[in-house]
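There are 2 protein chains.
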Amino acid sequence: MMSKSGSSLLRTAIGSFFLLTGFLYVTAQETPPALPPMTRPARIVSPEIHPDNTVTFRVSASKSDTVRVNGDWEGGRGITMTQDTAGIWSVTVGPLEPEFYGYVFIVDSVQVLDPLNPLIKRDGTRNASQLLVPGEGSDLYAVKDVPHGILSKVWYPSPTLNLIRRMYVYTPPGYENSADRYPVFYLLHGGGGDEDAWTTLGRAPHILDNLIAQGKAKPMIVVMTNGNPTQTAAPGEGSPNPISMEQAGSADMGSGKFEESLMKDVVPYIDSHYRTIANKENRALAGLSMGGIQTMNISFNHPDFCDYIGVMSMGLVNMGPERTALYPDVDNQIEALKKSGYKLYWIGCGVDDFLYQSAKDLVTALDKHQFKYIYRESTGGHTWANWRIYLSELATLLFK
Amino acid sequence: MMSKSGSSLLRTAIGSFFLLTGFLYVTAQETPPALPPMTRPARIVSPEIHPDNTVTFRVSASKSDTVRVNGDWEGGRGITMTQDTAGIWSVTVGPLEPEFYGYVFIVDSVQVLDPLNPLIKRDGTRNASQLLVPGEGSDLYAVKDVPHGILSKVWYPSPTLNLIRRMYVYTPPGYENSADRYPVFYLLHGGGGDEDAWTTLGRAPHILDNLIAQGKAKPMIVVMTNGNPTQTAAPGEGSPNPISMEQAGSADMGSGKFEESLMKDVVPYIDSHYRTIANKENRALAGLSMGGIQTMNISFNHPDFCDYIGVMSMGLVNMGPERTALYPDVDNQIEALKKSGYKLYWIGCGVDDFLYQSAKDLVTALDKHQFKYIYRESTGGHTWANWRIYLSELATLLFK
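Residue numbers (my numbering), protein chains in the order written: chain A, 1 to 400; chain B, 1 to 400.
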């Protein structure tokens with residue numbers, strides 16, 4: 001074993017090593033910055049969130065003519081930045097409401113991420129820089145010093161789709177240390193999204209961690225799979241030769257094949273690989289937009305599947321004069337679901353959502369049958385800001 | 001149940017819905033692009049990998065004066081792009097050797113990610129766009145149609161560091177369907193990195209999936225925790241108030257506290273929560289750079305811990321005239337490890353690595369004691385390209 005003086009010497013020497021290699025390491029990266037940090041006049045920070053929740057954005061762009069910020073907060077589009085004598089562009093905005101925002105810079109005509117912000121969120125094929133403004137409205141989305149669930153990327157066979165596919169499974173804090181069985185919440189993303197969406201844009205693991213820590217949500221397993229029946233996984237993580245929509249034929253998004261695979265492939269996998277309570281009372285299903293259609297399809301066609309149903313930013317879609325075409329059998333389906341029994345039918349939609357009318361039409365159809373539901377009308381539109389709020393509210397109502 | 005004609009109608013109507021909302025959905029995103037896709041003259045693609053492994057990069061930047069590519073391949077720095085009449089800049093490079101590259105664009109003076117490439121990899125606080133050039137040299141890094149392991153983000157208590165911390169645990173394909181016990185490989189990242197690094201930059205899950213599918217590596221559990229003793233998790237995923245190096249005092253990187261926490265906190269957690277074979281013959285430990293120091297420290301101070309040891313881009317560090325200061329007791333430690341017995345001591349370093357001499361010094365010190373090892377000298381330097389290769393080779397030698 002090492003002597004005490006040797007250990008002390010070791011510590012001093014390694015300390016010096018890391019101070020020195022702190023610089024060396026920068027020069028040894030695969031993609032060095034345009035200007036090595038050592039030659040920058042001063043370290044600039046972006047985004048800088050001030051105590052009053054104003055936010056300063058900065059970017060070094062000495063040769064550019066205009067730099068703007070595009071953020072997804074109210075009034076956040078095309079905010080002009082100004083340049084100082086050192087070529088640093090900056091602007092201070094807000095105070096901003098506490099939220100989990102996305103933003104980009106427009107440097108002359110090019111849309112770019114904030115080069116100084118390592119945190120990125122991907123929405124389909126596009127990325128945005130992350131900005132979490134702290135406060136009551138974003139408290140559930142933040143990483144807190146609370147027990148955290150385990151989030152796993154799980155590959156499962158889907159004989160229905162003839163693919164090996166990826167999903168996320170969130171097990172609540174304590175699952176790994178117990179022999180208890182848990183209820184399961186199947187949570188579906190929207191069109192253009194994939195299995196990553198609820199874990200990143202939706203902050204689902206953070207929301208569940210925080211709600212469970214506060215005693216507001218029951219500990220539950222959350223399953224977030226890929227709702228695109230022709231994909232194996234998110235971009236870059238799936239098969240290099242995913243089936244195209246054209247090739248897939250009957251497996252396209254309107255085919256019902258995803259819904260079939262959820263029932264035949266996903267649910268049995270979860271029930272056989274996790275400690276679930278595998279009955280109707282302990283299953284929930286919710287989805288946004290396309291995932292809302294899938295949720296309605298499953299709950300209407302399999303009224304015995306689950307007691308808790310959530311439809312976000314979706315309803316009885318009307319694409320033309322034949323308003324009810326999508327659900328020609330909706331009256332019988334509502335009756336069947338009512339007869340089967342359920343604990344919660346939850347609908348959330350924003351007044352500015354382009355699918356607002358469809359949600360209202362769903363409410364009207366349910367009313368016609370004296371079918372009980374909760375209708376949550378929010379401000380705003382078809383946005384992740386709303387879907388995070390809906391999840392935060394819906395999760396507190398499940399399995400109670 | 002829905003009638004057949006109803007179902008068919010449903011499918012047609014939903015198909016139309018998605019065609020239409022494919023556009024609507026774009027306008028409803030949180031961070032719309034500067035130009036809506038519908039008004040772009042033509043869809044441009046970047047990066048485009050051609051059959052001969054030349055690669056074309058493109059970016060729309062009509063108002064910019066210069067656009068360059070910085071890529072981490074040989075000759076990839078500062079490649080000038082040229083502009084067409086529509087303001088699209090492009091350049092074709094290569095053919096490139098098959099590899100998992102990173103690159104950025106320099107638009108005038110600003111370093112940005114490729115706006116058309118959704119795939120990003122983060123190295124510490126900086127991001128680069130991903131480019132996987134296919135072929136023999138990158139085959140192990142690609143997602144193949146092979147069974148995949150499960151990758152989990154696991155939070156574990158570290159009484160040693162007084163933190164709840166995050167690690168990744170990879171369980172090999174089949175683990176979830178069996179009652180078998182498996183060997184465990186503890187794999188450590190370098191300075192400036194975090195627990196994400198081996199799973200993203202290092203492609204460790206892909207490498208293991210592919211090697212196991214080929215029968216070249218034994219199925220094993222791989223544990224990748226955060227090697228920075230003052231951090232709970234990667235940026236944005238950890239405690240909002242991480243302990244600073246100054247506050248941490250004795251918990252800084254040279255304190256040995258991480259090594260202590262691996263032994264006291266991580267290994268017992270893994271052995272009690274996973275089906276491991278909890279003995280020396282079925283444990284491996286390897287790390288790169290800082291993780292190489294941690295590997296040496298643990299193997300020298302706990303010679304009974306594991307039979308398989310890998311030191312990447314590291315050795316007996318010499319920061320000044322007192323060359324052996326870091327390991328004042330190295331001769332006794334080598335003897336103790338030799339006496340304890342081990343199956344593999346593997347050292348990998350590139351000839352251009354700034355720590356090359358330290359690796360050679362380690363080899364010299366081992367030779368002095370007739371201590372058996374494998375020394376793998378590669379081309380190149382202190383890069384993830386090398387560490388992926390080292391992992392690909394080392395993993396085939398473990399638990400055999």
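Treat the hints as calculated values from the structure; they're not laboratory data.
A portion of the hints provided could be inaccurate.
Copies of the same chain are indistinguishable here, so a pair counts whether it falls within one copy or spans any two.
Calculated lysine-lysine pairs in the DSS-like style (CA-CA distance at most 27 Å, straight line) [claimed, not checked]:
#: 1; residue 1: 372; residue 2: 339
#: 2; residue 1: 257; residue 2: 216
#: 3; residue 1: 264; residue 2: 216
#: 4; residue 1: 400; residue 2: 372
#: 5; residue 1: 360; residue 2: 218
#: 6; residue 1: 339; residue 2: 216
#: 7; residue 1: 264; residue 2: 368
#: 8; residue 1: 144; residue 2: 63
#: 9; residue 1: 144; residue 2: 257
#: 10; residue 1: 360; residue 2: 144
#: 11; residue 1: 257; residue 2: 368
#: 12; residue 1: 63; residue 2: 400
#: 13; residue 1: 144; residue 2: 264
Find the hints from earlier in the document that the structure breaks and name them by number, from lowest to highest.
2, 3, 5, 6, 7, 8, 10, 11, 12
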